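Enquirer: Sequence:
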Amino acid sequence: MDSQALEKLVLMKMPYGKHAGRALADLPGNYLAWFAREGFPKGEIGELLELMHTLDHNGLRGLLAPIQRAHGLQAKSKLL
Numbered sequence: 000m001d002s003q004a005l006e007k008l009v010l011m012k013m014p015y016g017k018h019a020g021r022a023l024a025d026l027p028g029n030y031l032a033w034f035a036r037e038g039f040p041k042g043e044i045g046e047l048l049e050l051m052h053t054l055d056h057n058g059l060r061g062l063l064a065p066i067q068r069a070h071g072l073q074a075k076s077k078l079l
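Reminder that position 62 of the sequence shown reads as 61 in numbering that gives the first Met the number 0, one-by-one numbering, no gaps.
In short, the hints are calculated from the structure, not lab data. Warning: the hint list may mix true and false statements.
[Said to hold, decoys possible] For lysine to aspartate or glutamate, the following EDC-like pairs were computed, each having C-alpha atoms within a straight-line distance of at most 16 Å: (1) Lys17 <-> Glu43; (2) Lys12 <-> Glu37; (3) Lys12 <-> Glu49; (4) Lys7 <-> Glu43.
[Claimed, not checked] What follows is a list of derived Cβ distance ranges for each label pair: (5) Gly71 <-> Arg36: 29 to 37 Å; (6) Glu37 <-> Ala69: 20 to 28 Å; (7) Glu46 <-> Leu72: 29 to 37 Å.
Since this is a predicted model, take the numbers as computed values, not measurements. Glycine is no exception: its CB is placed at the ideal position from the N, C-alpha and C atoms.
My request is simple: use the sequences and hints to build the entire structure.
Expert: Given below as structure tokens:
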């Protein structure tokens, strides 16, 4: 896991689906778990969704809070 990938989780928006337009870091855990069960998409978006699922599953969403603050963003997740 590198800092650039963590920054992308904060800045990149979900490009499609029910949560289109929402930052990857703010996607709900059940949505990420669905991808984990059904399969992550190919490419960078899939890798980032898998990373976000790992952070969420292991209770590590808080690692993203300093990055969100550095970009003037506030976490939308109720877990933070």
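Enquirer: Each hint needs a verdict: does it hold in this structure or not?
Expert: Cross-check of the supplied hints:
1. Lys17 <-> Glu43: Given that 16 Å is the threshold and the Cα spacing comes to 19 Å, the pair is violated.
2. Lys12 <-> Glu37: violated, 20 Å
3. Lys12 <-> Glu49: Holds, at roughly 15 Å.
4. Lys7 <-> Glu43: holds, 10 Å
5. Gly71 <-> Arg36: 29 to 37 Å: Holds, since Gly71 and Arg36 (Cβ atoms, about 34 Å apart) stay within the stated range.
6. Glu37 <-> Ala69: 20 to 28 Å: violated, 33 Å
7. Glu46 <-> Leu72: 29 to 37 Å: violated, 21 Å
Hints 1, 2, 6 and 7 from the earlier list are contradicted by this structure; the remaining hints agree with it.
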